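**Q** Based on the provided sequences and hints, a complete structural model is requested.
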Amino acid sequence: MRQAPAPPSVAMDCLRMGILFLVVALLPFMIPYVGGYVGLSVEMVIFAIFALGFDLLLGYTGILSFGQAAYFGLAGYTMGLVCIHFNVPPIVGMCAGVLVGSLAAVVIGLLIIRKTGIYFAMLTIAFGQMFFFIASRWTDVTGGEDGLTGIPRNLISIGPFSWNVTNDLSFYYFVFIFFVLATLVKYWLVQSHFGLVLKTIRENETRAQMVGYNVRRYKLYSFIIAGIFAAVAGVLYAMFLRYMFPQTLDWIRSGNVVIMGLVGGLGTLFGPIVGAGVVTYLMNFTSYYTKYWQFVMGVIFVVFILFFPRGIWGFVERRRSGTS
Amino acid sequence: MIFHLTLPTIINQLVNGFALGTLLVLMAVGLTIIMGLMRVINFTHGVLYALGAYTVVSLITYTGFWPCLILAPVLLGLLGMGMESSLIRRVYARDPLHTMLLTFGLALMIEDLIRMIWGDAAYPLSAPSVLAGVIDLKLVIFSKYRVFVILFCAGLLTAVWYFLERTPLGRTILAGTFDREMVVALGIPINLLFTVTFGVGAGLAALAGVLNAPIQGVFPPMGSAILMPCFVVVIIGGMGSFWGAVIGGLLVGVVQSFTVEIFSAMSEVVVFILMAIVLLVRPRGIAGIEGLLE
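Read top to bottom, the protein sequences are chains D and P. All the letters of the first sequence, read from the start, carry residue numbers 1 to 324 under my numbering. All the letters of the second sequence, read from the start, carry residue numbers 1 to 294 under my numbering.
If you are wondering where the hints come from, they were derived from the structure by calculation, not from laboratory data. Computed from a predicted model, the values in this text were never measured in an experiment. Worth double-checking, as some hints may not be accurate.
A few chain P residues facing chain D, derived, Cβ under 7 Å [stated by the list, open to error]:
hint, residue
1, V74
2, L78
3, H98
4, G105
5, M109
6, F152
7, F219
Think of the CB as a built atom: it goes at the ideal place given N, C-alpha and C, for glycine as much as any other residue.
**A** Below is the structure:
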């Protein structure tokens, strides 16, 4: 392994995060200059939230889940169904969605956390696909292949405050709040004792066990937190599109998050955010020019694995610390 | 719903289930051996299966159906070996995760390549004329082709079993799934073993694709569609186990066929329920190897 560069100080990290938040806050105004539109920046930020949680799982704990889209999609569907059938305000639907998505992560996590490595990865894919098939076949409830339409996105009201997020730009800043929270929570988790234990598990699971940590429990927590992040991203996505479709739960979608993490740089503070932004942008860009965008994504992914396995951010950091 | 299950239907669904099941076994055996030996999920397994079916689409006018049963596995076995030795091998020194993600990327690419070459539309293929009809036993009627698929797969799987259990190369591969370090320590060129295993797995997947083409038709995402039941088969059967794949495959095939008959909307979900039950009762899978990836 490489020599770890001196850990940047908390003050330095705060500064970097401040710059990050500023850049992301201005994103909807900058994106038209690179051929994007406000809606694309909303998607980029939603997937950044998704990828942040995933990175905690793969980048920091070293467990690969290939089924994160299940919690993303399940939360989105739940949010939609609750709002449509019970006619409750979106905020209640959001809470219900996040709750159900996280609960699914808890149940499945409990069932499979004993497994490691590829066994674990395969189980996450399989359980993820179960939700995919339920969404595409239970037509009466989910709308089947046609998707679930009519998910509301209008007035968000908490107590005396209300905010109209019908417009894409105002919805962007609604998502931005969650993005800031997600980034801070992840930073805090990674810096905390909990985060250190996760890293220990990643580096040497046996040793973590020997030192006396309940490795399985820490892994489960990490899995659940990633599930919560995915669920939050999922409800925001459902609101953004006002529509959910089975492919949001598909393992290809789960794979996309893996790609985002790897392209951005796993186990870094900014990597998954950069990765989510770049990959979402590229997907949008290539699908505009060719219907074979999946091929282009595949090529990019293969190139990154072969030549830049540390991702964009890892590459940048390494250059700067001069250890390459 | 359940009242439709008369004896002829039951027998018919058993035949359908075994035809699907033996094909799944053919796929899963390669997958499970690769997992046991190389400790990676090979995501290209699905697209190799699809390419097998597309080989028939391209060659059938020149050669007819039968030579494809030889040509497809040979061609795609070679492609698999080429892919392993030129690309996948480069990342062995790293975390197994990278190998797995590399195959995922390759699978994405190849699926779209299939679309570029053969288009989005599905190709219906009919069974070769010798096997076109049905076997009419008055009480029950079998599709000749499905019976052929079952017999052919059974024969082939016996050959695979013989290869793994009775030939030195096969024994070495099996030994590798139990204790890879020891195999390396004994001076066996493990990279060669990997290439052979990958090639055999690719060939079997392609063959399954050829055999399934007249049953389910040929369409670009057919590979990712079959990959999921295969994963379930491997999990139910137990990773790295030949007999586990056989039992798991037949079980999934039969259960799925009966669910199609009884309650078709559940036919995909039911295999996952089966998987969850097996996991709860026997986390290692039916014939899982003790200590492997646990």
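**Q** All the hints need checking, so say for each whether the structure fits it.
**A** Status of each hint after checking the structure:
Of the supplied interface hints, the one on V74 of chain P is violated, with its beta-carbon coming no nearer than about 26 Å to a beta-carbon of chain D, more than 7 Å. Against a cut-off of 7 Å between C-beta atoms, the interface hint on L78 of chain P is violated, since the closest Cβ of chain D lies about 20 Å away. At its closest, the beta carbon of H98 of chain P sits 6 Å from a beta carbon of chain D; the interface hint therefore holds under the 7 Å criterion. Checking G105 of chain P against chain D: minimum C-beta separation of about 4 Å stays under 7 Å; hint holds.
A hinted interface residue such as M109 of chain P counts as satisfied when its beta carbon comes closer than 7 Å to some beta carbon of chain D; here the least separation is about 3 Å, so the hint holds. With 7 Å as the threshold, the beta carbon of F152 of chain P stays out of range of chain D, its nearest partner Cβ sitting at about 28 Å, so the hint is violated. Look at F219 of chain P: its Cβ only gets to about 15 Å from chain D, farther than 7 Å, so that hint breaks.
The structure shown violates the earlier hints numbered 1, 2, 6 and 7.
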